[in-house]
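Heads up: the protein sequence lines correspond to chains A and B, in order.
Position one of the first sequence corresponds to residue 1 (the working numbering), numbered consecutively onward.
Position one of the second sequence corresponds to residue 1 (the working numbering), numbered consecutively onward.
One thing to keep in mind: the hints can contain errors.
[What the hints assert, rightly or not] Once the Cα atoms are required to be at most 25 Å apart in a straight line, the calculated DSS-like pairs of lysine-lysine come out as: (1) B:Lys16 <-> A:Lys102; (2) A:Lys278 <-> B:Lys101; (3) B:Lys16 <-> B:Lys5; (4) A:Lys175 <-> A:Lys102; (5) B:Lys104 <-> A:Lys278; (6) B:Lys104 <-> A:Lys9; (7) B:Lys5 <-> A:Lys175; (8) B:Lys35 <-> A:Lys9; (9) B:Lys108 <-> A:Lys278; (10) A:Lys9 <-> B:Lys177; (11) B:Lys177 <-> B:Lys108; (12) B:Lys101 <-> B:Lys177; (13) B:Lys104 <-> A:Lys175; (14) B:Lys48 <-> A:Lys102; (15) B:Lys177 <-> B:Lys287; (16) B:Lys48 <-> B:Lys35; (17) B:Lys35 <-> B:Lys104; (18) A:Lys9 <-> B:Lys108.
FYI, nobody ran anything at the bench for these hints, they're computed from the structure.
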Amino acid sequence: MSRARTTQKIAFAALAAITLIVVAPIVLTILYIVFNGLGAISWEFLSQPPRHGMREGGIFPALVGTILLIAGAMLFSLPVGIFAAVYLVEYAQDNFFSRLIKLSIVNLSGIPSIIYGLFGFTVFVVFLRFGTCILSGALTLAIMSLPVIVTTTKEALEAVPRSFREISLSLGATKWQTVRYCVLPHALPGILTGTVLSLSRAAGETAPILFTVAAFYLPRLPRSVFDQVMALPYHLYVISTQVPNMPLPISFATGLVLVVLVFLMNLVSIVLRWHYRKKKQW
Amino acid sequence: MFRRKITETVIEAGIKLSGFICIGFVVLVFLFLLKDALPLFRVYPAGKFLWGLKWLPVSEPPQFGMMPLLLGSVYVTVGAIFLCVPLGVGAAMFIAEVAPKSLKHVLKALVEILASIPSVVLGFIGIVWLGPFLKNMFGLATGMCGLTGSLLLAFMALPTIISISEDALVSVPRSCKEAAYGLGATRWQTLWRIILPSAASGILAAIMLGIGRVIGETMVVMMVTGNAPVIPTSILRPLRTLTATIAGEMGETVSGSEHYFALFAVGLVLLIITFLINLFADVMLRKARR
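Given these sequences and hints, build the entire structure.
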């Protein structure tokens, strides 16, 4: 018996050590970026375009570009994603069509981001002749974030008790009225959580925007959806690989802004989830 | 009443259409990649593309042998998986069964933070810190090599492996655990001999999804593996993966050229590989759920 206890102690200590090996680099990575980047962050850095071959100045156009791309992606992926999930949960029977949709969602989520980049390029930029522009990039990111939105919306809808629907239907409401007024409002927090989460991923992605929208250096702001923009992740890629003698603090600060942006979006989704879970009565 | 019926019909059509769009995208991705990949084989033999040992897209005549890139991907992926599977599954075991509740929340939050760090940021850290560090440690000619990529990719695959393995471990029925405890097994014996084997298919799915994530990752490998499209002889040398080749060369090609088609063919191969991996993972997940 005591030998079994000793084994357990050793095994648990080993597992704790492994966990430490996993967790320590996460903390160190964050600290490394924060400490090296914080010094170069200022209001000017956030509000000025890059200057002198990007070795000076700020990241304003890239920041704006990334925000525009996220907004554009959301405009498209949110309605399609929510409707597709509503179809799967509320309307579809377990038939060939609905199983095909589920299989498609699984497949979409497994496709590498660079493939989305190729797809966006050949479809939006070349085939539909949008050119390298915000529209092409946002659509590419939208398709990429679709699986997460559908999956989380599906879960949120499934969490609404069946009795809600039955009562609404028994009062004479139609199917859509039931979904619109009885199911969707209760599933909203879950849907928002998923949406914000998927968009925070889209915000950090570089590969899908490489050939569809990202501009190497473009200090002025876009005037229409058919303009190119700079984007934060691509900007970081450019200044850390393509610009010789790049002052490191600027690169670190750019990385820090990107991490903070993504992190804030995650935080919003966590707070939303937490806030609404508390209010739930069932 | 009549108007309401029309609204209802229109909205239901929209809902159905959205479902159809999801299927449509998968089909479109395949079709459009095929459309731009297949023309390559009209001018360049498919056998030479698949088994060719040289990737020289701008030489005269150009050579599009995919083997160096495929091996580059395999090298980096194998390296990453060796590192992250034991670490990931171990950490998942600790989080699921050993850690007290408060620590559990902190650990899970940290893993989620890791999942949210953009890959380009990790690539940047690879360039400024990890690459030079490994160069000094192993006395390498350059720190931009397969190993740097493997380490960073292992780090990136950890969240996938940990969270899905943890799900699998937690969802092992309580009764199994209690039966083991009732027979006098320690917590470790129960974890090692009962819970882990019961969660095996879920953990396998986690590993497959991790592999899928690693093999499809682009920015990190493009930034830190040195971009040398040659048959890799060691993980300590520069190499180049399928993904990095597409990302790095697409900007230089003329649309409709042989090189352009070749890059789409590389994309098609990558898509098929990840498709098979994910299919396998999905089958395993289904098995785990039963």
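Structure-based check of all given hints:
1. B:Lys16 <-> A:Lys102: With Cα atoms ~13 Å apart, Lys16 (chain B) and Lys102 (chain A) stay inside 25 Å; holds.
2. A:Lys278 <-> B:Lys101: This hinted pair holds, its Cα atoms lying about 19 Å apart.
3. B:Lys16 <-> B:Lys5: Between Lys16 (chain B) and Lys5 (chain B) the Cα gap is close to 16 Å, so the pair holds against 25 Å.
4. A:Lys175 <-> A:Lys102: Distance ~22 Å between Lys175 (chain A) and Lys102 (chain A) Cα, so the pair holds.
5. B:Lys104 <-> A:Lys278: Satisfied, since the Cα-Cα distance of roughly 20 Å is no more than 25 Å.
6. B:Lys104 <-> A:Lys9: Holds - the C-alpha atoms of Lys9 (chain A) and Lys104 (chain B) are around 19 Å apart, at most 25 Å.
7. B:Lys5 <-> A:Lys175: Status holds; Cα separation ~11 Å.
8. B:Lys35 <-> A:Lys9: Not satisfied, since the Cα-Cα distance of roughly 59 Å exceeds 25 Å.
9. B:Lys108 <-> A:Lys278: Holds. Lys108 (chain B) to Lys278 (chain A) sits at ~20 Å (cutoff 25 Å).
10. A:Lys9 <-> B:Lys177: OK: Lys9 (chain A) and Lys177 (chain B) at ~19 Å, within 25 Å.
11. B:Lys177 <-> B:Lys108: OK: Lys177 (chain B) and Lys108 (chain B) at ~23 Å, within 25 Å.
12. B:Lys101 <-> B:Lys177: OK: Lys101 (chain B) and Lys177 (chain B) at ~18 Å, within 25 Å.
13. B:Lys104 <-> A:Lys175: violated (42 Å)
14. B:Lys48 <-> A:Lys102: Status violated; Cα separation ~37 Å.
15. B:Lys177 <-> B:Lys287: Roughly 20 Å between the alpha carbons, so the hint for Lys177 (chain B) and Lys287 (chain B) holds.
16. B:Lys48 <-> B:Lys35: holds (20 Å)
17. B:Lys35 <-> B:Lys104: violated (49 Å)
18. A:Lys9 <-> B:Lys108: Satisfied, since the Cα-Cα distance of roughly 23 Å is no more than 25 Å.
Hint violations for this structure: numbers 8, 13, 14 and 17, all remaining hints satisfied.
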